[in-house]
Every structure is written in C-alpha cells, then in structure tokens.
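A.B. asks: First to last, the sequence lines map onto chains R and D.
If you read the first sequence in the numbering used here, its first letter stands for residue 1, the second for the next number, and so on.
If you read the second sequence in the numbering used here, its first letter stands for residue 448, the second for the next number, and so on.
Hints are not guaranteed to be accurate.
Unchecked claim - Capping the alpha-carbon separation at 27 Å, the derived lysine-lysine pairs in BS3-like fashion look like this:
(1) R:K409 / R:K394
(2) R:K155 / D:K592
(3) D:K592 / D:K713
(4) D:K600 / R:K155
As the list claims (entries may be wrong) - Some chain R residues judged to face chain D by a derived CB distance under 8 Å, without partners named:
(5) R44
(6) M48
(7) T163
(8) S183
(9) P236
(10) A242
(11) S245
(12) T263
(13) V297
(14) T333
(15) K364
(16) P374
(17) T405
(18) N406
(19) N417
Unchecked claim - Just a sample of chain R residues kept apart from chain D, beta carbon distances all over 12 Å, derived:
(20) W30
(21) K78
(22) G83
(23) A130
(24) D158
(25) R195
(26) R237
(27) G239
(28) Y289
(29) G295
(30) S298
(31) G309
(32) G350
Everything labelled a hint here was simulated from the structure, so no lab data went into it.
Nothing here was measured: the structure is a model prediction, and the numbers come from that model.
All C-beta atoms in this analysis are idealised placements derived from N, C-alpha and C, irrespective of residue type, glycine included.
Single-letter residue listing:
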Amino acid sequence: MDNKMRKLWCVLVLWIAAVPAHALLPIQHWQAKSGARVYFVESRDLPMLDVSVDFPAGSVFDTAAKSGLAALTASMLKLGAGGLSEDEIARRIADTGAQLGGRFENDRAGMSLRTLTSSEELKQALDILARIVQRPEFPAAVLEREKARIIAGIKESDTKPETILARNFGAMIYGSHAYGLRSSGEVATVATLTREDVMGFYRRHYTSDHAVVSIMGNLPRAAAEALAEQVTAVLPRAGAPAVISAVPDLARAVSRAFPHPATQSHLMMGAPGIKRDDPDYFPLFVGNYVLGGGGFVSRITEEVRSKRGLAYSAYSYFSPLQERGPFVIGLQTRKDQAAQALDVVRATLGEFLAQGPTEDELAKAKQNIIGGFPLRIDSNRKILDYLGVIGFYKLPLTYLDDFVTNVEKVTTIDIKNAFARRVNPERMVTVIVGADDVAPAAAGAKP
Amino acid sequence: MLHAYLMFAARMRAVLLLVISGATMAAAPALAQVAEHRLANGLRVIVKEDHRAPTVVSMVWYKAGSMDEFNGTTGVAHVLEHMMFKGTRNVPAGEFSKVVAAAGGRENAFTFRDYTAYHEQLHKSQLPLAFRLEADRMANLVLTKEEFDKEIKVVMEERRLRTEDRPQGLLYEQLMATAFTSHPYRSPVIGWMNDLENMTWNDAREWYERWYAPNNAIVVVVGDVNAAEVFKLAEQHFGAIKPKALPERKPQDEPVQLGIRRVSVKAPAELPSLMMAYRAPSLRDPERDSEPYALEMLAGVLDGHDAARLGSALVRTEKIATAVGAGYDSTQRGPAMFIISGVPSAGKTVAELEQALRRELAKIVSDGVNEQELKRVKSQVIAAQVFQRDSMFFQAMQIGSLETSDYPHQSMDIMLRKLQQVSAAQVQEVARKYLVDDNLTIAVLDPQPLAGRKPVAAPTGLRHGQ
C-alpha cells in the first residue's frame, strides 16, 4: 500500500493546502444589537435552515445543594412560553415539520431548530424558537411533573453500571468542583428545586450578551441578521460573564470498586485534562488518536480487543471544556477478566507515556486526521456544530482553516512532552463497577 | 413515509448514533439522480450523486442477515461481519482498518435481520481504495481458527454489553422470542449466548461461502462522484469475481397466533416497563398495498412528533407514564410488528399503564383520527424528505436497506406518494383490524433489586464498531 497511499495522501494535502483561507468554510460573524455573537454560513444547496442559540448555562453553573437546576431550566424552555402551552408549542412546530432540539453540556445549554425555508414554515418555526428562548414561562404544574420524571430517570439510571461508573468517576476527579456534579442532579436535590430557582437561573444565565447564535443554511445575510435579533432582542443583559473556577490536579492516585450484578465489569481511568484553549490541545488530540482515539487502529483497541479479545469497546479521549475537561480511558469486560484488562491498559498507557508514538504512528495519525478533514464539514449539521463551538469558546474564525496546519505541525516530541505534562499515572483515578469477584484487589493496586 | 423514516431512524439509532454524531433524519427524493448498473456477475451498483462536499460514502450490502441463519448457529451473520476485518489473501489481519484510516477514511459495518453491510466514508479521491478492499474481501477472505477464537470473545463481550446487562435489551429480546413462533426473527441478531459459545470458525466459513457473492450483493455509493465513472471503477474491481449458486430461501411464514401472549423478564432495574407488539403486515407491493401506509400514519399519530397522542395524553396530561412510544416499520423481508411501549410513573403499575395505552388505541378504533393530526404527520414526512438530504450516509443507508429487504429503491417515490394519500378512515380501519388481542404479545420488565441477579436486553441491529 505504502507508495501508492503516500502519493494519494500528498495529493490530498495539496488539495487542502491549495484552498485559500476562509474558502473551506466562509463564516460570517457579527454582533447583534442585543449583544449576541452571531456565526453564519450561507448555503443554498438545500431548502432548509439549522439554527442554534447557546448560553453559558450548563451544569457547571449548578451548586451541590441545587444540583440539577441547570438541566431542569434547559428542559423547561419549550414546555410553555410566550403565551403558548407546551402542547400548543409542540403542535405549531409539528405543523411546520420542523425539529426542535436542546443542547445540554457541562458548559453550554441552548436550543436548536431545523426547519424548511419555505416562507410560512420558516416564519412559524422561528416564532416558536424566539418565544421559547426569550419568554419561557416555567408553568408550576409542568415543573412538578418534570421533576418527578427526572427523579424517576435518576433512580433508574442509578441501577446501571455505566451510570454508577460515570458519576463516581466525575466526583472523584473533580472533588468539589462543579464539573464533578451529575448534570441531571441527584434525587434529593431535584426534589428541592422551585420555580423561583428556575426563573432565577434563567435570568442569570440566559442573557443576550453571552448568547451565541449559530445559523447554517438557506438564508440571505439580511434575514440571518434579523433572525439573530428576533431570537435574542428581549433577553436581559448580564454584564460580566459567570466565572468557572480552575480545576486543580489530583493530589494522588485513587482507586475505588463498586459491586454490581452485571456480567461485565465497567472500568474507567482518568484525571482532569485540558481546557478548550489549551496550548497542548493539538499534540494531545493527535497523540490520543494513536493511544486510544483512532477507533480500530489505536493502541488500546489493538491491545485490549484485537490481540486479546477482552472487550468490545476500549478507548481514550480528552474532552476539553472551558476549564479542564476530563481525560478518560474506558472499557467493559467480563468480570473475571477485569484485572487483566486493567493491567493491559495500564501497561499500554505507561509505554505510551514513556516512549511517545513512533514516527510511523504519527504519520498515519496525520494522514487520517488531515485526509479525513473534509468528512468533518460535509453536512449542514456538522457545520452548525462547529459554528457553535467556535462561537461559544471564542475560537478564531479561521479555526477550521488552521486545523490542518495545526495538526501538521505536531511532532512526536511534542506529543511525548504534552502527555508528560498532562497525564500522570501517579495522579489518576481508577473506578471499577461490577467488581465483586476479582477486581477489588486490582483496583487497589498501584498504577 | 415519515413512518418508514421515523422507524428507520429508530431502527438505526443504536447503530448509527455512534457513527455520526448528529446524524440527520432520513431520505431523499430527487430519484432522478440515482443511477444503477448491473455487472455480468450479478453485482448491482447504485449511485446517487451529491456534490455538496468533496466526500463519498461507499457501502457494500449483502442480502444475508440473521433471518437467514439456522438454529444452533444464531449470530453467525454478525460474527462473520467481525471476521471480515480479519484478513484476506492480500490484506493481513487488521490491515483493512489501518489502510482505510491512513487514507483519511472511516469504516465500519453493521448486521441486521435482513442484511449485513460494510461502509467507508472518504475523500472522493479515495473511492478506488474502498472498492479495491471491498472487492478483495468479497472473494478472498481468510478465516483462521486463531483469529476466530479471539474475535468470538469480542462478540460475546458485545452481547454482554448490549443484552445480558441491559434490561431493555433483554426485554426486547424476550418480546421477539415470544411474539414469533417459527420465523427466524424470533432470534436476536447477535445470537443466543450458547450458540456463540459453541460457534466454530467453520460455521463462519460456511456462512461466507454460502452468501458472500457478487450476485447476492449491492454496492451503494453516494457522494461527489460521477455515476458512469463509478460503474467503470466497479467493473474494474468487482467484475472478475465469480457468482455463486445461492441457496433457496424458504418463506417460513408464521402460523396464525391463537391468542394473547405474555412474558415477564426479571432484571436489575428501578422501574418496570412494558412493550406491546401487535402482528401487522409488511409492505409487499408498494404500488398496490395500502394497509402498511395506514399503519405508518397510525404510528405517526400516536408518537411521530412532540405533539403526538401518546405523549400528550399519557405523559403530559394524565401523568401515568414517564415515557411512551409507538413504532412500526413496514419495510422488511419478514413479518412486521406494531410496537407500543412505555414506562409507568412512580406509583403507577404496568397494569395501569397497559390499560391507559389500550384506552388510547381504543379511542382511535372508535373515534378515528382527525384531519388536522393526519396533516401534521404528513408535514413531518415532507420536511423529513428535505432534512435527510443533509446526510449522505443516511441516503446510502436508505437505498441499501430497501434493496436488501426486496424493495427496488425506486419504490421510495411511490411510498412517499402513497403515504400522502392515506385517509383518516384508513388509519381507523387498520387500528380496528390489527390492534387486537389475538395479534398481541406483551412483555413486562419486572425490576429486581441490584443485590439480586441478572440484567437485561438489546437493540435489533449490531455494529462492528464502537
């Protein structure tokens, strides 16, 4: 394969390099009169439009005592707004064929809309979006019903090994930092949330000057400008942004095991990782492709799955956030193999940290990431997602254009050094759920 | 065809969400752009040009899914799918994925009841690579005991993850195993654990030799390509592969159901839940059939959007359920099911929820549906037609799954037209005719404390990847 492949790859790189800046994705950016930041890509290929409106209103803005408030607020937006009941909102959206979606993450929360751009449908769908973003009513009866549903969901979720794993992992790597709170909240905290709490959270966090409006699709610029005003004009202004506190390093390695009757053990290792604007972002991103991010070709998949048949899914990733998002390694395996799988993962990580990737691995990682770049932006939906990230995290408008260059620049030494700075097995958390037979000893072992 | 689409998306969700985050809904009209070519060896190549981005999705579909398996070797279709990445006479084990990755591509595969499919997404310049690799493994797979013995363990881990330890997976598995008597749809796509434990590399080899042939396959390409060039490329790579005599496929029609069936599943969980499956006809003649379209619209009226009946009545108004659903997929080789599901609210029982669901169905039987709500479902269909064109992957999925389930892809247009023609009276009539106890199987999840034993069930489709 090699010669032929390399030639093809060169052609690809040249193709991408030959595209002038901004031609990859001509993002138009402006600030609405409301103060909202707007990111727009016009595309006339399909008679449809995707819009999202996001706010710094994710679960990181919860407190331990009122955990779940941010999520409850986000989920209530479309359940009664601007003088319309939840059923009326649902009917009006359904009549247009549009799809209303919500986003809820650690940092961000918001609403999205996918609609036809025929005038009647567009008008009606945008009218609904404008109401639910700016004039939610949080009806008391609906709120109580939703709290009950959320509590039922939490109780159900708490029986699942993957939930037990994730919530303990989060709490252990973040301690008292709000990134460690479960986004749904806890049974006890959701039960205490009031309509006043929700309205207060909404007023503080759904503000026009921190709103990010992303627009992708079949709309002229002037209409996009009007749209951005329409969905943010009557929001309050906040002034200073809410601050997220820094995430400290873990003091030491901690391991815990939890019993579960499942046939598999679920394992997770990790620590606080990186911020969205971290200078080590690209070395870690490219390096992690080699370690555990590159699907079937990563070292972790090779060692755990292909060579030993220990798991269906084994992976690692960095999830960068405003402050340090997690670095995670995970897998699930038959209980009696948990100790073995953990040993394999630790050895794989240890070797990667000690040696870094080989030049050949790095070359192949770049070939995949650069060669596959067009796949990242080949649909309106994917482009909308990028607009949202670029806008919310204030990345340069040339982020996508620079992406290839930034990946290309990474060296094996950069990766080794970045991992040495950011991933320390002496300060990692290890959690095993479903460990009642073999695993406690393994979990207690030193990494 | 919303319903076809909604169900289609739902059927794929387990599989696809993992592939393309934010995968869009559904299919595309513009059938004029679809071109088809048949090679001398029987391989059919279907191309849909989509020039929005310089990328391409290439899929090879085999008309061989779990419904073609025999007792004792259930799951072999899916196991073979895993083995297809384990080397050929020309490409060593593990190289397939490496070569595609180094070309900037993404690859994976999935197995359903009616078919097995393999796919690559690449820059358009790399389509020849995808064809070369797929043609190679269509004919030259090398199955070794050594690779099989490792991979079968991976598949058993997959079954543990998706089914053994997942109450909803176990519940669905038991529902199907109870609702079907003789049809192979009664077995899970991933296979029964004991069959996996006793499977040999030879079982996989026999499966490959029986079904993997150009005259049992369809190549679907969607992307920034020229159809004539793709046909030429296909001739070049697949043209020399010899066709095979394919085994006869028996109909295996279900015997008549003689009364309501009930099954309960104990698994560690907090909440009980309920699934009700009514036997219903599948689409056989897209132009002449009418009932399957009416059933699609019925599912839409019940659960096709946020304002649909079940959620509005049972979750929001009566608050008897925390979640409800309805689904029907008309397009498949075997018999269809109309499935209603729900989770009761705290303090409500599954029996109460069952009664409430039956009451909603009875309302449709007695009072019918109104024009406004029918129109609302049809609006979803029309919009979905446009939205689905945002995803090349989905467009290829739709062509391939229709074709391997025995519907010419051209029937998409017919199906859309027929869905728009469904009347309120037809919806009422299919509800009256098919939503009856003699067609019904009910599965109930009986939650057990965590300290107890054993968990539950899985989705219909399985994928090779993560």
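A.B. asks: A separate judgement is required for each hint: does it hold in the structure or not?
C.D. replies: Hints and how they fare:
1. Between R:K409 and R:K394 the CA atoms are separated by roughly 22 Å; this keeps the pair inside 27 Å, and the hint holds.
2. Distance hint between R:K155 and D:K592 is unfulfilled; the C-alpha atoms sit about 45 Å from each other, more than 27 Å.
3. For a cut-off of 27 Å, the pair hint linking D:K592 to D:K713 is broken: about 37 Å separates their Cα positions.
4. Among the hinted pairs, D:K600 with R:K155 is inconsistent with the structure: their alpha-carbon atoms are about 32 Å apart, more than 27 Å.
5. With a least beta-carbon distance of about 11 Å to chain D, the hint placing R:R44 at the interface is violated under the 8 Å criterion.
6. Interface restraint check for R:M48: the shortest CB-CB distance to chain D comes to about 5 Å, inside 8 Å, so the restraint holds.
7. Taking 8 Å as the C-beta contact cut-off toward chain D, the hint placing R:T163 at the interface is violated, the least distance being around 11 Å.
8. At its closest, the beta carbon of R:S183 sits 18 Å from a beta carbon of chain D; the interface hint therefore is violated under the 8 Å criterion.
9. Hint on R:P236 is violated. Least Cβ distance to chain D is approximately 28 Å, over the 8 Å limit.
10. Nearest Cβ of chain D to the Cβ of R:A242: about 27 Å, over the 8 Å cut. The hint is violated.
11. Hint status for R:S245 relative to chain D: violated, with the closest Cβ pair at about 29 Å, above 8 Å.
12. This hint holds: R:T263 has a C-beta 5 Å from the nearest C-beta of chain D, less than the 8 Å allowed.
13. Against a cut-off of 8 Å between C-beta atoms, the interface hint on R:V297 holds, since the closest Cβ of chain D lies about 5 Å away.
14. With its C-beta approaching chain D no nearer than about 6 Å, R:T333 sits inside the 8 Å limit, and its interface hint holds.
15. With its C-beta approaching chain D no nearer than about 5 Å, R:K364 sits inside the 8 Å limit, and its interface hint holds.
16. Taking 8 Å as the C-beta cut-off, the interface hint given for R:P374 holds, the closest approach to chain D being about 5 Å.
17. Among the interface hints, the one on R:T405 is violated; its C-beta lies about 16 Å from the nearest C-beta in chain D, farther than the 8 Å criterion.
18. A distance limit of 8 Å between C-beta atoms decides the matter here; for R:N406 the minimum to chain D is near 16 Å, and the interface restraint is violated.
19. Checking R:N417 against chain D: minimum C-beta separation of about 25 Å lies over 8 Å; hint violated.
20. Separation of R:W30 from chain D is adequate, the least Cβ-Cβ distance of about 25 Å exceeding the 12 Å criterion.
21. Remark: the non-interface label on R:K78 conflicts with the geometry, its nearest Cβ contact in chain D lying 8 Å away (cut-off 12 Å).
22. The beta carbon of R:G83 is kept farther than 12 Å from every beta carbon of chain D, the shortest such distance being approximately 17 Å.
23. For R:A130, the shortest C-beta to C-beta distance to chain D comes to about 18 Å, beyond the 12 Å cut-off, and the non-interface label holds.
24. The claim that R:D158 is not at the interface with chain D is violated, since a C-beta of that chain comes within 12 Å of its own (minimum 7 Å).
25. Every C-beta of chain D lies more than 12 Å from that of R:R195, the closest at about 18 Å, which supports listing it as non-interface.
26. The beta carbon of R:R237 is kept farther than 12 Å from every beta carbon of chain D, the shortest such distance being approximately 31 Å.
27. At the 12 Å boundary, the C-beta of R:G239 stays outside the reach of chain D, the nearest C-beta of that chain being 33 Å off.
28. For R:Y289, the requirement that its beta carbon stay farther than 12 Å from each beta carbon of chain D is not met, with the minimum near 9 Å.
29. With 12 Å as the threshold on Cβ separation, the claim that R:G295 sits away from chain D is violated: the shortest Cβ distance comes to roughly 7 Å.
30. Against chain D, the non-interface label of R:S298 is violated: not every CB pair exceeds 12 Å, the least being about 10 Å.
31. Against the 12 Å criterion, R:G309 falls within the reach of chain D, whose nearest CB is about 3 Å from its own CB.
32. Under the 12 Å C-beta cut-off, the non-interface status given to R:G350 relative to chain D holds; the minimum distance is some 23 Å.
In terms of the numbered hints stated before, the structure departs from hints 2, 3, 4, 5, 7, 8, 9, 10, 11, 17, 18, 19, 21, 24, 28, 29, 30, 31, listed from lowest to highest.
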